[in-house]
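Add chain B to chain A, keeping to what the hints say.
This is what each chain is made of:
Protein chains: 2
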Amino acid sequence: MANLPVNKAAHPFDKARFEAVLNRRFFYAPAFEIYGGVAGLYDYGPPGSSLQSNIISEWRKHFIVEEHMLEVDTTIMTPAPVFETSGHVARFADWMVKDLKNGEVLRADHLVKNVLEARLAGDKEARGLAAQPVKEDDKKKKKKDKAKPTAVKLSDEQVVEYETILAQLDNYSGPELGELCKKYNIRNPDTDNEVSEPVQFNLMFASSIGPTGQHPGFLRPETAQGHFLNFSRLLEFNNGRVPFASAQIGRSFRNEISPRAGLLRVREFTMAEIEHYVDPEDKKHERFAEVRDVELDLLDRDTQAAGSTKLTRMKIGDAVDKGIVANETLGYFLARIHQFLIKIGINPTRLRFRQHMGNEMAHYATDCWDAEIQNSYGWTECVGCADRAAYDLTVHMAKTGHPLVVRQALKEPIITEKLVAEFNKKNFGKTFGKDSAVIQTIIGGMDEALLAKLQGELAQGSATITSSDGREFKLTPDLLTIEKKTFKQSVREFTPNVIEPSFGLGRILYVLLEHSFWSREQDVERGVLSLPAVVAPTKVLIVPLSAKAEFDPLVREVSSKLRKAGIFSRVDDSNTSIGKRYARNDELGTPYGLTLDFASVQNRTMTLRERDTTGQLIGEIDEVIAAVTELVNGTIDWAEACRRLPAYDGVQAVE
Amino acid sequence: MANLPVNKAAHPFDKARFEAVLNRRFFYAPAFEIYGGVAGLYDYGPPGSSLQSNIISEWRKHFIVEEHMLEVDTTIMTPAPVFETSGHVARFADWMVKDLKNGEVLRADHLVKNVLEARLAGDKEARGLAAQPVKEDDKKKKKKDKAKPTAVKLSDEQVVEYETILAQLDNYSGPELGELCKKYNIRNPDTDNEVSEPVQFNLMFASSIGPTGQHPGFLRPETAQGHFLNFSRLLEFNNGRVPFASAQIGRSFRNEISPRAGLLRVREFTMAEIEHYVDPEDKKHERFAEVRDVELDLLDRDTQAAGSTKLTRMKIGDAVDKGIVANETLGYFLARIHQFLIKIGINPTRLRFRQHMGNEMAHYATDCWDAEIQNSYGWTECVGCADRAAYDLTVHMAKTGHPLVVRQALKEPIITEKLVAEFNKKNFGKTFGKDSAVIQTIIGGMDEALLAKLQGELAQGSATITSSDGREFKLTPDLLTIEKKTFKQSVREFTPNVIEPSFGLGRILYVLLEHSFWSREQDVERGVLSLPAVVAPTKVLIVPLSAKAEFDPLVREVSSKLRKAGIFSRVDDSNTSIGKRYARNDELGTPYGLTLDFASVQNRTMTLRERDTTGQLIGEIDEVIAAVTELVNGTIDWAEACRRLPAYDGVQAVE
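Those protein sequences? They're chains A and B, same order as listed.
Position in the first sequence counted from 1, then plus 21, gives you our numbering.
Position in the second sequence counted from 1, then plus 21, gives you our numbering.
Because the hints were derived from the structure by calculation, they are not lab data.
Careful, some of the hints might be misleading.
Pairs involving identical chains hold if they fit within one copy or between any two copies, as the list cannot separate such chains.
Distance condition first, Cα-Cα at most 25 angstroms in a straight line; then the derived PhoX-like pairs of lysine-lysine [unchecked claim]:
1. K569 <-> K305
2. K447 <-> K509
3. K582 <-> K505
4. K569 <-> K432
5. K82 <-> K585
6. K495 <-> K505
7. K204 <-> K145
8. K304 <-> K336
9. K36 <-> K505
All values reported here derive from a predicted model rather than from experimental measurement.
Same shape as in the complex, but just chain A (with noise of 0.2 angstroms):
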């Protein structure tokens, strides 16, 4: 069925009439509101954790359950010297920059955006372009970190290198912002105060473990690291094979300095990240077959490195056969992580796959790509894909002695043949005493062809090398012998590479929200949340004309007919009208209404609403279910639907 039967472009997205809709419904909400707060922390009402336990359901059956991954479940607390090793504590920060006044802490390089993007919206006003929506919007959000746009012309320079400096902004280290800030005048836009020089802040919350304080720990900002320390359970439990992936499901961590975006940029989150094990010198796919025809948005390093934003299409085959995208195992996961946003209901024209560029890439990742999805915040990361390589298998391996490899047995041996010299170890202690191990360890250093010169000096009856402080010694063959020898390596051992889909779950669920919102012209003062059934957090609702002990019987038939067809559906018996308790669904997302009045009672009929297009149809009651366990399961579409049962025309008579 198409996500979105009706045309939502005809219906502007009112960003007020969002909000207050996932506000009253309790979609989420300020996790304690009632004691004023705290920045970044969101508590989910039974809507908002509906939605997400359906997204994670559709999540596990997307990729846990059709690539036979390997589900983990790993601890949040974390001792220090985990992430001493990986190396967040050292590096997993922020630049921040303080008003050098009032002491306000702001992130430097969203302190450089505002200020930039406020001086290009204040120059087209004073131009005369387009600058009224930013106005507007500016008023309406009352955002405390938006700098104030003042109507001040640029010049042509400025603006291009203003606008060069923004296409870049994540490129730019701590004590460059700070080089901006100064050359640019960038003060806070609250206060007009100057800003230090930006510094770096751990952005990792700290505890400790145990009842006296011997063990510092962090929470983890990433479910990564739990994978990494189980890697070598996690492998023989796949016997000894990869490529395999393991993948979990969990709450991280991160202090945000000044969190302000809603679900975007939050202190505490659901991530669910994979971990996919492959042999660094074989990133190719078995699947990869399967998505090649996938197209996507890209945008990568070398376009955004030349001040650009502009995306090309682009089939991911293609993609990896120009090497845009780094290997076949990097470029499935982007077309996977692409049909998972889509069968969820992401809009596909508002989701690009952008490349990090150097600086900006995490300190483990050799080549990343962020799916970001268009929201009314901007271009929002909501899923990271990076090829970690070999970095954190092989730092905690270095620090613990604990064999995080894997080892192959070859099919073929590798057979070689070295020259290897023997000592006579007793001509060789009479003759050097304890210059012996001196002189062993100079021709135990030597390549191939100085053992060559040397056997073919000893054939000739001696040989003469020198030590590292000068000294000569006469070698003979009554000392050593210098033959080949063959070698046969039967295992090869390596430390896989890593490809990492990261997916941040609140921001997914929050542009899906925004991404589904429309209001009905007729009644714009009601909101419609046009989920697909897939993550719907009901499915199906059920709604007796009255509240009649008649009605009873056939309510709870319809209920439990559903519930085996593993329909998950709701009553609302509430004392309100039809239409309202419809329109409080709308706003639910509910995509399905089931009506049972009298002539239920009497015949056994009911209908059937359809969310988007407020379309009904009758029938028998279990011709009727039949259609919506199709509809919901998706094996028939509305249209389909509308051919099978007769269109119920006393819609405007109920509503």
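Using the frame of chain A, we list chain B on its own:
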């Protein structure tokens, strides 16, 4: 289907083998194992994660879906003021003692328990009674905190004294535990050193929120506060009506003093909590009749106070009628908890409900019962079911001023008549000047009887009242009138009470594994986990006889048909014998196996193997899929499957 078709009683529980299986099959393992681990933190591997997620999924169906609970998902990180109000900062603590010489920290109640139990065991040994198992057990486990029993005979009085203390152990306060240590010379069993007075240690992990450390915070030790803070939103979502329940599944954290019992005492754990809000004046439950006849093994407060642990088997209906269980709602949940635990495979003969004693109860509870499950560590609390009364909502409302109350329209308004004094302000001021306020306050504070007396005196001309400093004032009818007035109350406002069933999912998972484990007589080295299909990590194993390509289409066909039937299967095409593959899956708890051999390719037949009996049936592929689908869904049992399909007698040949 009977959970355990095999008589497991014939196979004594072998803990060493059990632990080896859990470790070998990566059900779970110490977190950060390659870094040496940290006590009380565990990671779940693939079968553990699946088992946990199946338990959660069944929990959702049994509680949330069945009772239309409102699911929420709230943050773990919590600002300090919330837990200051809830009482956790002051009181969520355990008593710990320090070894006075080496500084080792011990939990006071555990120390007393271990030392006294060891002395009782030593006494039994000295008397020549069954002390042997204790010693052996002790040796095998090498648990650091287990005091070693030595064969010292105690007096009969001492034995009774120790046993009484142990039966009431949970009821001692910290100072009382300190007195017990002194009185009975209880020392650190590892060092024989004396220990300090018990001091309180708060079990919450502390952190701070934001870049300047301005918001101290804690990791939640339970999910409950997240429900309560959202109460008014949830109530509104439920159209303002009680009773209703919120539910949440999520991580919580407790910084245990010295966790040592595997998954039974951990520092980070997944809980499932229900907060059921009821009218304090009506704790009946509308579905109580459905569970009235469920029989539970109860251990009430009075029995424990009398120093006994004898169980009473009783219908929950009778227990509520007799006042042993405080009310229907509490009783309803005890029965539903019982049903849930049995359904997922807990052995009902090892499940009891123990009532908390007075001092043991959490600071917020008015009555509390624990579902305790017997396992190799003893009886372990796995579910708590507390009546928290109005405690939490009341304190948060008092602190924040936000109304956490239910406003209920009364069917019949309550009409009351009261005497009310009305003052003639002008005359009053003229007569009494600045004393007016004092006099009016005195009259305003009068109860109905005093007002009636005053009314009578005024009717006779005048009255005299005396202020607290002894001055007398004369009142006359021109100054005030006292008359009956009618008051109408049409809304009742109240703070609901909360009944809280709270599940420790890791504990349930662990005891379920213990209850499910046994070994076959013919092969004691190999374990079997008789997990019910409903929670088994994998339901069906597909075993192609060899990895030959000719099996591929059949394997794909069977996998795909099972997936369509909603059955989670795995293929094991590893390069080992079928017997070994089945043995591996017996240890993973996979209830059914489907074998594809050369006959399958020729005749389209397939064999079906049942894990516990190792019985095998044979049939046409679609017949076998139909049978295994019904077996997994629980609509037929193995006996019925044996009636439908002929036995396969090639068992020995294949295995």
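What label fits K36 with K505 when the C-alpha limit is 25 angstroms: within, between, both, or neither?
neither (78 angstroms within a copy, 56 angstroms between copies)
Same-copy or cross-copy closeness of K82 to K585 [CA-CA at most 25 angstroms]
both (21 angstroms within a copy, 13 angstroms between copies)
Intra/inter-copy verdict for K204 and K145 if alpha-carbon distance must be at most 25 angstroms:
Only inside one copy: K204 and K145 sit 22 angstroms apart there, 85 angstroms across copies, limit 25 angstroms.
25 angstroms Cα threshold - placement of K336 relative to K304
within (19 angstroms within a copy, 63 angstroms between copies)
Are the CA atoms of K569 and K432 at most 25 angstroms apart within a copy, between copies, both, or neither?
For K569 and K432, only the inter-copy Cα distance (18 angstroms) is at most 25 angstroms; the intra-copy one is 76 angstroms.
Could you figure out if K495 and K505 sit no more than 25 angstroms apart (CA to CA) within one copy, between two copies, both or neither?
within (22 angstroms within a copy, 129 angstroms between copies)
Since the copies are identical, ignore which copy is meant and state whether K582 and K505 lie within 25 angstroms (CA to CA) inside a copy, between copies, both or neither.
neither (80 angstroms within a copy, 60 angstroms between copies)
Give the relationship of K447 and K509 under a CA distance limit of 25 angstroms: within one copy only, between copies only, both, or neither.
Classified as neither; 30 angstroms inside a copy, 116 angstroms across copies.
Within, between, both or neither, where K569 and K305 count as close if Cα-Cα is 25 angstroms or less:
Classified as between; 23 angstroms across copies, 64 angstroms inside a copy.
When held up to the earlier numbered hints, the structure conflicts with 2, 3 and 9 and fits the remainder.
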